[in-house]
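Chains A and B, in that order, are what the protein sequence lines are.
The opening residue of the first sequence carries number 780 in the working numbering; numbering runs sequentially from there.
The opening residue of the second sequence carries number 257 in the working numbering; numbering runs sequentially from there.
None of these hints come from the bench; they were simulated from the model.
Treat the hints with care, as some may be off.
Straight-line alpha carbon distances no greater than 30 Å define the calculated DSS-like cross-link-like pairs of lysine-lysine that follow [claimed, not checked]:
no.	chain 1	residue 1	chain 2	residue 2
1	A	K1388	B	K499
2	B	K499	B	K538
3	B	K321	A	K1414
4	B	K571	A	K1420
5	A	K1394	B	K571
6	A	K1394	B	K321
7	B	K387	A	K1388
Keep in mind that this is a model prediction, so the values were computed, not measured.
Residue strings, one per chain:
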Amino acid sequence: MLHCPHGGPQLCLALGPQKVNPALPGVGTPTAPETGKSKRSPVTCYWLFKTGHFNHCLQRWLNRFDRPGPGVGCVANLRLGDRARRCRREERAGRRVPEVTLPMDPEPFEVGHAVREAINILSSSRNGVQISEALGTIKCYLGGTENQAPLKEREEFTRVHFSAFLRGLVSNLSPDWIELLTSDQQKELWDSFFLEGPADQAFLVLLDSIISMGPSFRLMKVISILEQFLQTGRMSALMWEVCHQQAQAGLPTFQETLLNKVVCLPDHLCNKLQGNNLPIFFPQNYFPLLATEIIQVLQRISDSLRGGLDCSISFMSQVLGKVCVHGRQEEILNVLVPRLMDLTKVDCIWQRMCWRLVECVPDRWMEAVVCGFVQKAPGADVLSRLLGNLVVKNKKAQFVVTQKLLLLQYSYVTAVLQNLLGYLALDSLRRSLLIKVLKELLETWGSSSAVKHCPVEQQLYVSKAILICLSHLKEPEIESNRQELLTSMMGGMKCRLDSNLPRVRRLGMIVAESISSRITTDGPSLKFQYEDDDETRELKSLQQTAPLQLHVTDLPNAGRNNSPSATPKAVSKPSGNPHPATPAVPEEGSDLELDSDDDLVPYDMSEDKELKKMKAPVYIRDCIEVLTGSEDMDKWEATMKVLESLIRRNSATTREVSMELAKVLLHLEEKTYIEGFVELRKRALVAVTIIDPVPVVQYLTSQFYSLNYSLYQRMDILDVLALAAQELSQPQASGKNKPCSTQSPCIQTVSGSDSSQNWRRIVDERIKSKTHRLAKGQSLVEPACGPNKFSSLAGHFFFPLIQNFDRPLVTFDLLGDDHLVLGRLAHTLAILMYFAIHTVAAATMGKSLLEFVWTLRFHTDSYVRQGLLSAVSSVLLSIPSERLLEDMTDEFLETQSWLEDVAEKDPDGDCRRLAWQNLLLMENLLKKTQKCPYLVVGGNWKQR
Amino acid sequence: MALPPPDPQFVLRGTSAEVHTLHFYCGGQEPDYPILFSGSSNGLIHVWNLKTRRVDTILDGHGGKSVYWVEAIYGRDRLLSQGRNQKICLWDLAEGRNTVTDSVFTENVGFCKCSLLKVAQGHWLMAMPGKDLDEVQVLELPSKTSVCTLKPEADAKPGMPMSLKLWQPDFGSCPFLLAGYEDGSVILWNLSGGKILSRLACHQEPVMSLDFDSEKTKGVSGSSEEVLTVWSLDEQQNLKVQKTHKLVNAGIADVAIRQDKKILATAGWDHRIRIFGWKKLKPLAILDYHTATVHCVSFSDHSRPSERLLAAGSKDHRISIWSIYNQTSGALHCPLETRKPD
């Protein structure tokens, strides 16, 4: 029996085994081990804890048992709340505890000493009771329980000793050690240090231990503690502590470490746990959690601001910045932005906090944060509320918003652009930036080098940005910049209309139209003719709807806040109603027997066209006469329509007049509108070429390089040659002419505005099929057999065309302005080369084609480059690999290095793709010939 | 994607002249085969056996002048034919004979085809253009007595009748005549009183042909312009336009509604046969085979719907036979299929 020096109530010290020891009367009797709970109120000794003396006594008393030994432990069975119960549990565990006397007088002692003692016990003791007692002692310094240590000591403990103690705890952890404690004790004594103590230190210790430990029981335990740490919302406590400390004066290095660990937690755990990672540590779960914690901290900060206390937000900014720069914008902002959006709607403190949050992000992370916000904000007004005047205050943010997002990057969707530019337009301070941005955008748009070297996607992006800017400008602003706008519009339009890519041209037209409609107040604005597609419609919608969009964005917010289900309900109502309300009223056929009209399925009626009265000529000579002299348009039209079939039917007659006919057809102009005139003329020319190839091809190729032809005619020549080559190379039974209509779609090229697309598609398809075949082995069954008529003629087609391309004429300069024709020429040569497969001349043709490619490889026009790349494909496909590697090793290697260059650096996506395909073809070729002595080439290639 | 229109089932060649009129007779008993009569511009009438697809008999009775209307009467044994030699002949074809047993002289020199209506067993009414230009005469056959002469009032001036259609609402009731005139109007005559009941100006150009569906009391007319008009007859015996369909090319030489009132065929000057759904005039098919104007279309009255054919005669001397929209699945045709031909 012990009595407190101050005359407190009686303390019973439990001694020895849990069962009541009859040798020690008075001991153990108060406990009721069977029930597991004391029935007596712990309040009876409450004063002891209040005075704080008890701790001193207990500590002193514990220190006496600083002698480690197996089976030796001590515990005070204090029927006083927690501690007493804990002791009883120890008793139940059947440990014998020697009787002790508690020191009566409190002596001054150091916290550090106590901690060391505890650690010693923990590391050496094998007695559960002793261990739990030691833990309990230290627990007092944490506070939060009734019997906490004095404030000063508590502070000292948390400041100096806590981390060390936790490390001690972790280092002692082992399966049999932890067995010494019951699971409740584990939770209350062991876990609580991590979960209730200062969160920052606990977190650091946990992470450090995880990083340093190998897979073991200890690691699992620590990880489960960390999991609880996250689940119980300790993260917000952690951040709040840092924010709080910062308000006074933080430790920069400590914060830095903490920041690193907080942000990189998923990485650390993933590295450590590999496949056994817990879901809560997955980035997609962790960062949203972090975001909610951030919101909580912000909430506390806002509360304390309202309470008049200063609080630093910069740690939050750092966390946000670092998370964003680690590429987790998506996860964190998906949670953060909607919450902030709601919170800032009415509350100006929140608004200022939000601004501050973004402003305090260090410069090096600013870009990631701003980009994230711009992408995640549902509308320009929200963005403006969240960012405030960030772009005006922060140079880095300004650079990101006005330069980087608009001019250097182009991967964002249109909504992002609308957000961004709408944000600039919403505030008068920022409007000057909007105008500046527009000028810069126009400068880029108008520069001819940008047209040449930028990918089309970027040009589209810039165009969109310009259109959105324009939609935000007000009349006076346009008025003051009219001249500048006009100048840049004219410049940009010119270089865009020069382009060979139809998409670029169309983009130019739309932007120019829109600028001119804005700057011309009176009189007609520019109007171009182009076919509408999805892209043009989208662009046009941008210039109209953008101002409205500001109002629209508020709607979803309102709907979401008040009642999310309200909006869809309202929408679905009217759409649901009309169905029952208006039963289908059949106009006349309500009688049943008439209903059968509907099951008569109509046949195709597209052939129902107007009947032409004029009789078509029956002889080819009549045709020539009509085409050259006749003024009768009906007759002329009828002649055009029958000409091809006439030529194909009467090959003998055609041969007599083939040259004359070719001349007439080449110079034929559309006197009156005929549907598909260009196609008809081309088909007739192809037919003539096929009937009498040698002279006609000679004529056509010579005309290609002669004076006084329009570009259109020259391109027609190329198309005719390509089509004729195709038809000649097709195996077909003699005398049975293939109907022209079936083959024209696959190589039909000229009339369509997006011919480059067609070319590309054709070449791609061919490459695809070819590649497949190489991989599969030759198992293709030719459907029809016949001599390849093209094989003896390939040279006639090919060489005259490739001969003179570098000799400029007065009216025709392939290497200069007429790069459209050059591109077409390259494509045609590629096609001719392709059809020359298995011909004798193929190797020679291929060699000169590769030389042709080599001279033009740095051409600035992407259409030309595409043609060259197709040519390379054709060469690779048509020439036997042995010839290619043996006779043209140099060219092959040169081309290869060029291709690699293109594949990596070319601004045009299609060029890159073609180059990759070519490289693939080369690789396949090399694989095929790997057993041959040309292995060197393969080896070279592999090394690169 | 809609199916391409079908090809003709077969083509009858050998008239060596433009085919102006066609008439099927498929009502015979089993040993009898379906027959197609065709009248051509060289005055010959060909009797085609549709089983062998060859000419059975050639009838020559119009003195080389073109035949533009033929119709069987008394089963397949008698045939009426109208020719440009101003004669309407009655042929006896029974037991291999081919002689003209009777004829009517018409004083009219126009192109108007006659119209025949069976009013009782062994009695027919035949409407034919009359002596005066704008007159229509109705005869009773076989007695050849004139029932009435329908002549518009002097100030009406509809021009010549161009096409005629006799019909009666129910068997045994008073017959009516629908006549299309040169000025583009369609007139409904009451035969008993010889009065105009209704007049509808439905075309700008002469009405080239008309057909009438007495069940639904609506009819269709084609003219030399590019419009096909459907008009209906209401309870008060008034004609009114119900629907018009604009054609791609002008000129309808003939229209015919199939007996089951499901489809309508037109013979176009643009060489094409057009098929419409009769209920809503929904365009169904364009049959493009002929190389010259199609003069006439006719549906066979075969008892089995699946064997019903469409024939078209053209200026290019050919008769094309089509099998179209006769794969019926509806219950509507079951009774017809089981019905024995009488």
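Review point. Taken at face value, is the distance from the CA of A:K1420 to the CA of B:K571 at most 30 Å?
Key: 24 Å, holds
Check your understanding: Given the proposed pairing of B:K387 with A:K1388, does the C-alpha separation stay at or below 30 Å?
Key -> 41 Å, violated
Exercise for review: Could you grab the alpha-carbon distance between A:K1394 and B:K321 and see if it respects the 30 Å cut-off?
Suggested key: With a Cα-Cα distance of about 28 Å, the restraint between A:K1394 and B:K321 holds, given a limit of 30 Å.
Review point. Given the hint that B:K321 pairs with A:K1414, does the C-alpha gap stay at or below 30 Å?
Key: 34 Å, violated
**Study point:** 30 Å limit on alpha-carbon distance, applied to hinted pair A:K1388 and B:K499
**Key:** 22 Å, holds
Review point. CA of A:K1394 to CA of B:K571, is that 30 Å or under?
Key: 16 Å, holds
Review point. Taken at face value, is the distance from the CA of B:K538 to the CA of B:K499 at most 30 Å?
Key: Holds - the C-alpha atoms of B:K538 and B:K499 are around 11 Å apart, at most 30 Å.
Going down the numbered hints, you'll see the structure goes against 3, 7, while the others check out.
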